[in-house]
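Sequence lines, in order, name chains A and B. Count the first sequence with our numbering and you get residues 1 to 251, in order. Count the second sequence with our numbering and you get residues 252 to 753, in order.
Simulated from the structure, these hints should not be mistaken for lab results. Note that the structure is predicted; figures quoted are calculated from it, not measured. The beta-carbon is built from N, C-alpha and C at its ideal position, and this holds for glycine as well. Worth double-checking, as some hints may not be accurate.
[Claimed, not checked] Distance windows between CB atoms, simulated: (1) B:Glu681 <-> A:Ala12: 45 to 51 angstroms; (2) A:Asn191 <-> B:Asp670: 56 to 62 angstroms; (3) A:Asn118 <-> B:Ser686: 50 to 56 angstroms; (4) B:Asp548 <-> A:Ala12: 41 to 47 angstroms.
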Amino acid sequence: MFEIKNLKASLADEDKQILKGMNLSIGAGEVHAIMGPNGSGKSTMSYVAAGKGGYVVDEGEVLLNGANLLDMEPDERAAAGLFLAFQYPVEIPGVGNMTFLRTAVNAQRKMRGEEELNAAQFLKIVREKAKSLKIDADMLRRPVNVGFSGGEKKRNEILQMAMLEPKMCILDETDSGLDVDAMKLVAEGVNALRDGERSFLVITHYQRLLDHIKPDFVHIMADGKIIKTGGPELALEVENNGYADLLNEVA
Amino acid sequence: MSTQESIAKDGVDAETVDAVKTVGEKYKYGFATDIEMEYAPKGVNEDIVRLISSKNDEPEWMLEWRLSAFRRWEKMTEPKWAMVNYPEIDFQDIYYYARPKSMIEKPKSLDDVDPKLLETYKKLGIPLAEQALLAGVEGAEEGRKVAVDAVFDSVSVGTTFQKELAEAGVIFCSMSEAIKDHPELVKKYIGTVVPPTDNYYATLNSAVFSDGSFVYIPEGVKCPMELSTYFRINAENTGQFERTLIIAEKGAKVSYLEGCTAPMRDENQLHAAVVELIIQEDADIKYSTVQNWYPGDENGVGGIYNFVTKRADCRGDRAKVMWTQVETGSAVTWKYPSCILRGDDSQGEFYSIAITNNMQQADTGTKMIHLGKRTKSRIVSKGISAGKAQNTYRGLVSIHPKATGSRNYTQCDSLLIGDQCGAHTVPYMECRNNSSRIEHEATTSKVDEEQLFYCRQRGMTEEEAVALIVNGFAKEVLQSLPMEFAMEAQKLVAISLEGSVG
Ligand SMILES: Nc1ncnc2c1ncn2[C@@H]1O[C@H](COP(=O)(O)OP(=O)(O)O)[C@@H](O)[C@H]1O
Ligand SMILES: [Mg+2]
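Between the sequences and the hints, there should be enough to build the whole structure, so can you do that?
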């Protein structure tokens with residue numbers, strides 16, 4: 001379904017390779033978690049997959065249902081079904097959250113040759129989904145992420161994910177900075193989207209998120225590569241002992 | 252505001268974004284109409300001034316007024332203080348008068364106008380039929396009417412809904428007709444807000460103006476429909492010099508909109524207009540402009556020089572004026588719609604979006620002159636710069652010693668797209684009354700890569716993303732436009748920024 005093959009990528013401005021031969025394969029309906037020390041390249045991996053500027057792909061492929069995402073524009077990748085919940089969602093002053101969502105949903109539908117949703121259809125769906133994430137009308141009306149609390153921003157990411165119905169979701173530290181209740185809401189939001197087909201890659205530092213979103217596999221990333229893969233128990237090991245032992249093991 | 256309402260308003264943005272994709276070419280009004288024209292000889296001198304006056308069958312006083320302006324102009328020099336650069340204009344290498352031959356005898360009604368001219372307005376999306384629905388304008392309220400005065404090069408082709416307006420006591424006609432049919436009104440008001448000696452371009456205009464629009468709203472009348480003038484430059488090497496005069500008597504109210512376009516040509520063309528608004532006690536004028544003159548190409552070849560003097564005089568107590576401008580066109584813009592707040596408790600507002608892309612230059616802003624007590628003014632300026640363009644906000648807020656308890660609020664925001672363009676803010680402020688206050692805020696920001704990537708990751712194309720971000724930036728001003736034009740303006744914002752990224 002989603003495959004990263006020997007991905008090597010560097011910063012465009014500096015001669016510095018961040019991803020150094022990353023491999024990952026996620027089947028349909030699976031949940032994978034990636035853990036790893038700060039600076040190991042987790043966010044970079046998600047940006048390169050999604051097509052953010054500022055990086056050069058030196059080698060490798062990122063496949064979604066067999067199509068190489070690296071050949072596509074960022075919006076084409078999104079329409080193909082890739083979604084990234086950002087570690088730091090950006091603010092867009094003056095653009096209503098609802099406008100943003102509707103523009104995004106319809107842009108993707110259009111690109112896929114589907115009929116666009118009219119205002120009434122859209123409103124009905126968005127209200128329903130916002131409610132379960134405890135996002136109120138006020139938050140839908142406010143400009144995108146402007147003045148949102150940390151928790152609101154992350155819930156908003158999940159709302160966008162729910163509205164866009166992607167095939168492959170990457171969540172970059174969506175749990176960081178959330179209190180227990182907010183984290184539960186986010187986890188419930190993700191679980192509600194699990195349908196046996198949709199796949200997830202959850203980047204996190206904490207076991208507590210994985211208590212709620214049960215991963216099928218856990219990967220440890222260090223220095224631009226996956227250094228170890230295991231089951232949910234691997235996350236517990238990290239929680240208890242940190243990364244040091246794992247890193248030593250490989251070294 | 253309920254969510255239902257907010258989506259109706261918000262939906263505008265989504266539709267804007269759709270529009271960007273459907274418009275293939277960058278400037279869709281760039282066509283020329285092939286039509287037989289009558290020209291005055293090239294250049295300007297007293298004979299030309301006389302000729303223009305005689306073409307309009309003007310009374311002697313009007314000619315004298317023009318001639319004295321011309322003599323004054325000959326002694327003046329072009330202002331150089333604006334942050335705009337362009338080659339010296341050869342004022343003797345311009346045609347000052349051009350009218351379609353079919354207009355020599357002004358047709359009795361719009362039905363008799365040359366079909367080629369009617370076709371031109373149809374192509375521009377300007378409704379010249381007297382129908383309630385605004386053809387081609389989405390979101391227009393059902394049953395809402397807009398009267399149009401259509402100015403083509405030097406002459407007005409026709410004015411719609413004149414009869415219906417006359418029934419309400421409103422006079423809406425071309426300036427040349429007003430001089431003939433309502434000389435007492437014209438004589439009383441023309442040049443009383445922008446004197447013929449005001450500045451280089453206004454003085455030139457006073458000498459050679461050929462037509463324009465005239466509006467008179469009598470005491471206590473609320474104009475029953477939106478009024479508008481559509482200016483079209485078509486002829487080559489020709490300048491357009493029009494005057495607009497709007498008078499709102501005690502308690503009168505009117506909303507007026509002007510639009511303008513021109514063909515794509517390699518030569519620069521001059522447009523030097525004068526607009527005067529007279530607002531008496533408790534009267535209210537809302538004046539909106541969607542300026543879309545040809546901006547020139549990516550390399551700065553061609554485009555209109557838009558040198559315009561606009562001023563509103565709030566003569567009576569509680570008089571109100573609101574200028575809204577969406578400036579997307581022209582190679583060079585030099586324009587400062589101003590408010591003289593003479594009456595006590597009078598109010599002036601100025602909302603502006605100025606977009607410059609490629610090699611465009613805009614130096615625009617406003618002047619708020621507080622003379623009366625408790626006068627209020629509000630300025631919201633949004634400058635957007637892309638490509639290699641330069642965008643300057645220049646404004647003056649002046650509170651005179653007698654203007655007790657007056658207030659001004661100014662907000663100037665600049666948005667940069669790319670790193671080769673410039674934004675400048677030049678605010679002059681003078682407060683000579685201790686009980687009055689001036690507040691000024693200014694910001695400069697960039698459309699950053701993070702915002703663009705965020706939008707694109709959600710599925711928007713680069714154009715859609717830029718349009719959304721820029722419309723968000725300019726929202727406050729767009730909302731001050733009449734609803735149906737707000738949508739047009741949003742599309743325009745998006746279109747004029749095409750090719751500004753990537
Ligand atoms: N745009 C950038 N400019 C400079 N350094 C960067 C940039 N993006 C990533 N890096 C560097 O790449 C490494 C990996 O960063 P990142 O992918 O954010 O790691 P993680 O998400 O695992 O914490 C870090 O050393 C970081 O400083
Ligand atoms: Mg990270």
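For each hint, the structure was consulted:
1. For B:Glu681 paired with A:Ala12, a C-beta distance near 50 angstroms keeps the hint of 45 to 51 angstroms intact.
2. A C-beta distance of roughly 44 angstroms is found between A:Asn191 and B:Asp670, which places it outside the suggested range of 56 to 62 angstroms.
3. Taken as a hint, the range 50 to 56 angstroms holds for the pair A:Asn118 and B:Ser686, whose Cβ atoms sit roughly 53 angstroms apart.
4. Between B:Asp548 and A:Ala12 the beta carbons are some 31 angstroms apart, a value that contradicts the proposed interval 41 to 47 angstroms.
Consistency with the previously given hints fails for numbers 2, 4, ordered from lowest to highest.
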